[in-house]
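2 protein chains.
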Amino acid sequence: MIKVGIVGYGNLGKGVEKAITQNDDLELVAIFTRRNPEQMVAEGTEARFEHISAAEQYIGKIDVMILCGGSATDLPEQTPVIAKLFNTVDSFDTHAKIPEFYEVVNTAAEQGGHVSVISTGWDPGLFSMNRLLAQSILPEGKEYTFWGKGVSQGHSDAIRRVPGVKAGVQYTVPVEEVIDRIRSGETPELSTREKHLRQCYVVAEEGANQDEIRATIVNMPNYFSDYDTTVTFISEEELKSEHAGMPHGGFVIRSGVTGNGQKQIIEFGLKLDSNPEFTASVLVAYARAAQRLSQEGHKGAKTVFDIPLGHLSPKSAADLRRDLL
Amino acid sequence: MIKVGIVGYGNLGKGVEKAITQNDDLELVAIFTRRNPEQMVAEGTEARFEHISAAEQYIGKIDVMILCGGSATDLPEQTPVIAKLFNTVDSFDTHAKIPEFYEVVNTAAEQGGHVSVISTGWDPGLFSMNRLLAQSILPEGKEYTFWGKGVSQGHSDAIRRVPGVKAGVQYTVPVEEVIDRIRSGETPELSTREKHLRQCYVVAEEGANQDEIRATIVNMPNYFSDYDTTVTFISEEELKSEHAGMPHGGFVIRSGVTGNGQKQIIEFGLKLDSNPEFTASVLVAYARAAQRLSQEGHKGAKTVFDIPLGHLSPKSAADLRRDLL
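Chains L and U are the protein sequences, given in the same order. Residue 256 in our numbering sits at position 256 of the first sequence, with consecutive numbering throughout. Residue 74 in our numbering sits at position 74 of the second sequence, with consecutive numbering throughout.
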């Protein structure tokens, strides 16, 4: 059994707790939180809660810590600290800061003699793997990543900061017609506006000017002004009943040529009812890999590019060759 | 530069020759054939041809041999012999015999101190990787592999053996309606007949009884009797102009659940104008990986499950983290 700890108990941590129950070779030892552990109630198990300051007491009792904090402030602080004590897995997803994050975590993990799998999940993660795979196989080609249909937390937050907005949610929607053109062999140059739509569902405060809210949203730089954005006003009840889920997904498509212009298309896609639960499931599979790598004597920070796929499965190499190859 | 040799110069070998020209870090040294090398003319380069018996003279001059023979008789004979002398890559695709093939090749490669990447391509190969990945992430779920639309050599050969048939080609066609059901979240139990159609294009010999040919084909056990099969009679000219290509492709779809029944769907798909050229491109990327593994000191037979994806790319690990993660 691989003994697992969870650090952070938001949507992602709760997803990891549930995902562990789907894997017979993994066992949840404790959930670490910055909140008062005595007030915490587990969602998917009867898990033990501990304050994060107690983590060190679990050295020898936990094989892998799955870090479920956010990328803005939690992980840059927590991963290097925990990586000195345990093998870790995280979903650090600020793409531009990954090289820097890698260096810091690598140093910490090497010092501690542990393996830290960083930046896994689906993007970065599975999408990255497919970008790498497709580029390596089809060096002459063009690549597209589409996200959605799914909820963007950052854009939803931006809506909620608009004066007169009580609540709201934003869906990023890939433009299906463009994807169909790529699937049929075209390799268009696409502007930001041509790839994704942004759909906003907004609950306005009583008496607020809806036209002003709409104009503020669609013209917001960085977030909406470069996109075709729709704003739909709905009731608080409708928001709760129709928009409480956290669906997401997307596509990585590479359209390449071989030989004398033969078109070759590689596509990877996800359609997720729950973004945090899916990301959690990826983290759990990589927790298994982290433990294996550590047992093999590896040390330091690793990414999805460094890890043989076989390490993600509970099955033996011989079984995988027989059943899945 | 990674120095590459090709063994076998059919469609796959010609594809490898062309794929090498798309990769700046690979160099084709020689093509080995059982035919008379002096009568061979290269298709994509000005390659040097050698008789296969001359392979041993290239020890030290070739880093990786890409074996492009067939799985029925060529590879079981050639891979173990060549694996004692060089790093190798092959596309052995008789799924049921992979465990046995692995053992034989592993012994030979370990004796020679080389790395042999076996059974790569797209199925086995990329499809296998996606089966493993999706199963590991979503342990509770159901998986589907669909092939096509594409030419099946085995079924085309079977048609051509029917009395009265002069020439013919068979397409395996996935049933789109069923794929759409799975994509929308259903997990049906599917019979063979429900997953794929078989479309046959047949040139009949003059005076042959078309009804008899049709009946013989659609009732042929193992090949056609379990499928909905269509037989269309065409002229020899039409066969040449419309059916000379070797398209293929397919889908691996896993439909799983997490948490309290949240649906999560992972899909990988290929749409290929040229099956042999695409397979060749996969082999070439794995030739790079074989050389890297060998330089790192690895020995023995390896599959796509054993090899970190980063080894497929000519880019450095730091560049990959910065650009693709």
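The reader is advised that the hints may include incorrect statements.
[Claimed, not checked] Derived lysine-lysine pairs resembling DSS-like cross-links, with alpha carbons at most 25 angstroms apart: (1) K315/L with K299/U; (2) K61/L with K263/L; (3) K166/L with K61/L; (4) K3/U with K97/U; (5) K299/L with K299/U; (6) K149/L with K84/U; (7) K263/L with K84/U; (8) K315/U with K97/U; (9) K18/U with K149/U; (10) K315/L with K149/U; (11) K149/L with K263/U; (12) K149/U with K142/L; (13) K263/U with K315/L; (14) K263/U with K263/L; (15) K84/U with K97/U; (16) K3/U with K97/L; (17) K263/L with K97/U; (18) K299/L with K18/L; (19) K18/L with K97/U; (20) K263/L with K195/L; (21) K18/L with K149/L; (22) K61/L with K3/L; (23) K299/L with K315/U; (24) K263/L with K142/L; (25) K142/L with K263/U; (26) K3/L with K263/L; (27) K3/L with K315/L; (28) K240/L with K263/U; (29) K3/U with K263/U; (30) K18/U with K263/U; (31) K18/U with K315/L; (32) K299/L with K315/L; (33) K142/L with K84/U; (34) K18/U with K263/L; (35) K166/L with K142/L; (36) K84/L with K149/L.
[To be verified] Every beta carbon over 12 angstroms from chain L, so not counted as near; a handful from chain U, in silico: (37) A47; (38) A158; (39) Q210; (40) T216.
Since the hints were derived computationally from the structure, they do not count as laboratory data. The C-beta atom is built at its ideal place from N, Cα and C for all residues, glycine as well.
Can you confirm whether the C-alpha distance between K263/L and K84/U stays at or below 25 angstroms? 36 angstroms, violated
Given the hint that K263/L pairs with K97/U, does the C-alpha gap stay at or below 25 angstroms? 32 angstroms, violated
Does K3/U pair with K97/L here, judged by a C-alpha cut-off of 25 angstroms? Judged against 25 angstroms, a Cα distance of about 36 angstroms means the pair is violated.
Has the given pair, K18/L with K149/L, been kept, meaning a C-alpha gap of at most 25 angstroms? 24 angstroms, holds
Minimum Cβ distance from Q210/U to chain L greater than 12 angstroms, as the annotation requires: Correct as stated: the minimum Cβ-Cβ distance to chain L is 33 angstroms, above 12 angstroms.
Can the restraint linking K84/L and K149/L be considered satisfied, given a maximum Cα separation of 25 angstroms? 38 angstroms, violated
Holds or violated: K299/L to K315/L, with C-alpha atoms at most 25 angstroms apart: 23 angstroms, holds
Beyond 12 angstroms on every Cβ pair: is that true for A47/U relative to chain L? 15 angstroms, holds
Need the status of pair K3/U, K263/U: alpha-carbon distance at most 25 angstroms? This hinted pair is violated, its Cα atoms lying about 47 angstroms apart.
Would you check the hint for K166/L and K61/L, treating anything up to 25 angstroms between C-alpha atoms as holding? Violated - the C-alpha atoms of K61/L and K166/L are around 46 angstroms apart, more than 25 angstroms.
Are all C-beta atoms of chain L more than 12 angstroms from that of A158/U? 25 angstroms, holds
Would you check the hint for K18/U and K149/U, treating anything up to 25 angstroms between C-alpha atoms as holding? Given that 25 angstroms is the threshold and the Cα spacing comes to 24 angstroms, the pair holds.
In terms of the numbered hints stated before, the structure departs from hints 2, 3, 4, 6, 7, 8, 10, 14, 16, 17, 18, 19, 25, 26, 29, 30, 31, 33, 35, 36, listed from lowest to highest.
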